[in-house]
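S.K.: Each chain, written out:
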Amino acid sequence: MPEDRTVQALGLDEYKFGFHDPEEYFFKTPRKGIDPEIVAMISKHKNEPEWMLEFRLNALKSFWEKPTPQWGGNLNELDFDEIYYYIRPMENQGRSWDDVPSDIKNTFEKLGIPQAERDILAGVGAQYESEVVYHSLKEEWEKAGVVFMDMDGGLREHEDLVREYFGTIIPPDDNKFAALNSAVWSGGSFVYVPPGVSIDIPLQAYFRINAENMGQFERTLIIADEGSYVHYIEGCTAPTYTTNSLHSAVVELIAKPNARIRYSTIQNWSHNTYNLVTKRAVAYEDATVEWVDGNLGSKLTMKYPAVYLMGEGARGEILSVAYAGDGQHQDAGGKIVHAAPNTSSLITSKSISKGTGRSTYRGLLKVHEGAESSKSRVECDALLLDEKARTDTYPYIEIEEKKVSTEHEATVSKVGEDQLFYLMSRGLSEEEAIAMVVNGFIEPIAKELPLEYAIELNRLIQLEMEGSVG
Amino acid sequence: MPEFHKIATVDEVAPGEVRQYLVEDRPVALCNVNGEFHAFEDICTHQFVHLSEGELAGRELKCPLHGAKFDVTTGKALSLPAVKAVPKHEVKVEDRNVYVALNPKRVKVVGRNRRR
Amino acid sequence: MQKNGVPEILKNKGVSAEVVETLSKFKSEPAWLTEKRLEAWRLFEKIPMPTLRDEAWRYTDISDVSIDDFIPYVPSPDVSSEKELPEAVQTLIEEGEENSALIVQHNSETAYSRVDEKLSHKGVVFTDLHTALAEHGDLVRKKLFGLVPIDYDKFAALNAAAFSGGSLLYVPRGVEVEVPIQSYHWLDVAGSIMPRTLVVVEEGASVTYIDEYASANSEELAFSNGAVELYVGQGAHLRYVSLQNWERNVLHFNTIRSSTEKDSTINSLVVALGSQLSRTNVEAGLVADGSDSEMLGPYFADSSQVVDHHTLQDHISPNAHWDLLYRGALRDESQTVFSGLIRVEPGAQKTDAYQTNRNIILGTDDAFAVSLPNLEIMADDVKCSHGSTTGQVDETDLFYLMSRGIPRKEAEKLVVFGFFGEVTGRIPLRGLKEKLDQAIEGKIGLGFEERVA
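Protein chains in written order, with my numbering: chain A, 1 to 470; chain U, 471 to 586; chain R, 587 to 1039.
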């Protein structure tokens, strides 16, 4: 294990490498794998304050000390030494759509972001090879004091605010992948919404992994001050490569009293990506946090969005939909911790397993003593579409307070013969009929997504049914 | 009136250190913050592990399992995943000896042996 | 039942290879069994004691449990009639279900056994395991350790190494035993009891078998470690009851595992009311097609009791129907753990499997209920579901009773009684049901004179 060294002692300089078509890189880490030198290099290039470098280096130690978890999906083929941990594109952040380099624009075209959207959207942060390239923030919200920028910028321009919250919801020692992210994080979003401000249009961000052996380690921190509201949408996609990619993000949300945060994701990583994410929120008095989580891609996803209900009257909701096709394993779910009275929670999980796919629900419902008059309901439904498909449900229910009402229900079934028969007798092909049933199955969650996402979700599922998607 | 137990001499725990002592079958963490002694139940309120195995930095003690931080002067949980404060014990120092009176409150955490 | 005195080494605390071998010789066992016992002992030594870091023991702390604290073998006097049994046992028998055959294990030995002539005529065998080994050696050899193998876990290894007493129930083809068969385990010393139950119900036969566990009050810790193997043949029917009501000084460990062949039915009722710590693994393994089952599990924990049930329904072939209902109440600083896994293996199509766990918390707020309903489904043409609820006494139920003039405290008790009624109502054995109702009433503190309907 390499020794820790300070940035000065390392005396690092920038490297310039030859570039590959069609991608162009300004900077690429000189080697695969991770060690303090690389971590220090990342920090230096971002001109980070000393405390952040220390934070990163301590996290790296933690990452090495923690064993790879064996309780979830199969991580044993993941080789940490075969990944590049940092790439920064050539251009700096632009201010409007025109400033964005053309090939990046092309990528967005391929991803299908409608032109019309760009007018409506408040701001778009796009992550291209670990660095936020494009960012524009609508003037009126800037005036209201809303901060929406990349995490690097957030650290630079709002250091005190970031320092107060960064790593307090998910400490680097929380788990191996939070430690990894804490060491090499790059990109992601920083959002601050001042008291009383309501952002009506969702903030969005798109990511893309576009190089062989790229890791994605974005870090997002959203602080919704008292009485504010924000809806943040994260969606990503990555093309297919033969070697494994790793996506290990950390998202921390803080909802102060009476605030509301909704965080929606549709994940459609290519089927050779490991998607290991730690997402956690804290909701104070009368605040609400909603996670809407769609897992369609990746080879293995392990993700359990969590809400800690810390103030009286707080509410947490997790809507999760997972689709596991051939060779995929979606290991997802949600965690809710009731730590104050009169809190409520709802977890709805819908999963579909097709071919040899495996979908797993893993969840925690914990009610601490003193969380009187709390209510919780968990509903997990799984749909199996093929004989070889598999589904598991592993909920942990720990109740320490008697004055509560908690309910948990799970069902597993296949598409009913009668349903299929009925639809096919109306002229639909078998695939179309199944697609329709599946869409109906996930409808309660799909309807919570913004329309274009719902459409994208339905379209993707349709494609999966028809077998035309990988 | 809670009974005071002599658990250590002032030299046993240097400033910046934390050590575990067993008092009436309960694990007690004793730490020294710039010469001031603080004692609390040596069990993390998030998951069963001894906090005394973690790192003490100033008045913050970091749990070795998941990194939750506690303020040793108040027992309060400063970061997730810990949510509940750890019960503090009364401490008095007399004649270079440290005495601790146990707080009847106990850490309620999964796996804690209730039969003891 | 022993002619010779108990060897000295068995009178000391702790188990060792020497103890195991001495025990086997003392019981005049065949060589194959002595070998097996020693193999089990070696395994026991190798397997580490479960800690809170092991998933299956995540919530139950047994770090203070050590077999070195207990005497492995405690004798008891032989009796020739029921009247000579300890008073408390006689009471239990009287209050229990009418029986057609009876075995009483007193500490580590079988004190008394009886089989109605009607039954023995039909070829029903019901005797302690040691006698069974002598008289039905082949049958025992074939089946023993078949469902709870010596390597199932550390406690099973210990039982395999040091079991004594126990029973074999064998019901031949087509024989229907109408009146239940009863087995009592009575402990009145601070030592250990390690019974092993083996039930074989042949094709088309049917029987009800009740295992009951009770003890005399004592301050000193005692240790009960049992294993139960239930073989249900094709088209056969077994109703198995495990009624655990030890005193508060007992640590209870038990594994009950069944195999049900084609078109057979098993109804199991596992009751946990007593002991200081109770951990029972109830496994319906090897569920063959067409089989049908109902698993009921009422439990009630108070003071600082810890009651832990780990259940498994493992469907290996199609068309099985399985229903599990475990309901528990907690009060004071007790802790209950329910872990239930429904596993459907590839090919087990048309499986119908359900699991429900309901917990009700009474009294103070120090109780801790854990529920872990799990599913692992690898066949698609199935219907599986589970549900779990935890909370306090339902307000609407309370309101209904209070609106009829019943004071709140009484109404609460009635609701809890009704809560268990959902399970006890499914028991067709009158005597047993009454016994259970009384025990539950006692735990709630009902003290009603009239019977509640």
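No wet-lab data here; the hints were simulated from the structure. In this text, all values refer to a predicted model and were calculated from it rather than measured experimentally. Wrong hints could be hidden among the right ones.
Stated by the list, open to error - In silico DSS-like pairs for lysine-lysine, Cα to Cα no more than 30 Å straight-line:
| hint | chain 1 | residue 1 | chain 2 | residue 2 |
| --- | --- | --- | --- | --- |
| 1 | U | K546 | A | K66 |
| 2 | U | K532 | U | K562 |
| 3 | A | K46 | U | K546 |
| 4 | U | K532 | A | K44 |
| 5 | U | K554 | A | K403 |
| 6 | U | K532 | A | K61 |
| 7 | A | K366 | U | K562 |
| 8 | A | K375 | U | K562 |
| 9 | A | K447 | R | K969 |
| 10 | U | K476 | A | K366 |
| 11 | U | K562 | A | K403 |
| 12 | A | K375 | R | K936 |
| 13 | A | K388 | R | K1029 |
| 14 | A | K66 | U | K562 |
| 15 | A | K66 | R | K1029 |
| 16 | R | K936 | A | K403 |
| 17 | U | K554 | A | K61 |
| 18 | U | K476 | A | K403 |
| 19 | U | K575 | R | K995 |
As the list claims (entries may be wrong) - Partial list, computed: chain A residues near chain R (C-beta under 7 Å):
| hint | residue |
| --- | --- |
| 20 | K143 |
| 21 | R390 |
| 22 | S405 |
| 23 | H408 |
| 24 | K414 |
| 25 | Q419 |
Note that beta-carbon positions come from the ideal geometry of N, C-alpha and C, so glycine has one too.
S.K.: Which of the numbered hints are not met once you compare them with the structure shown?
M.R.: Numbers 3, 7, 8, 10, 11, 12, 13, 14, 15, 16, 18, 20, 25, in rising order.
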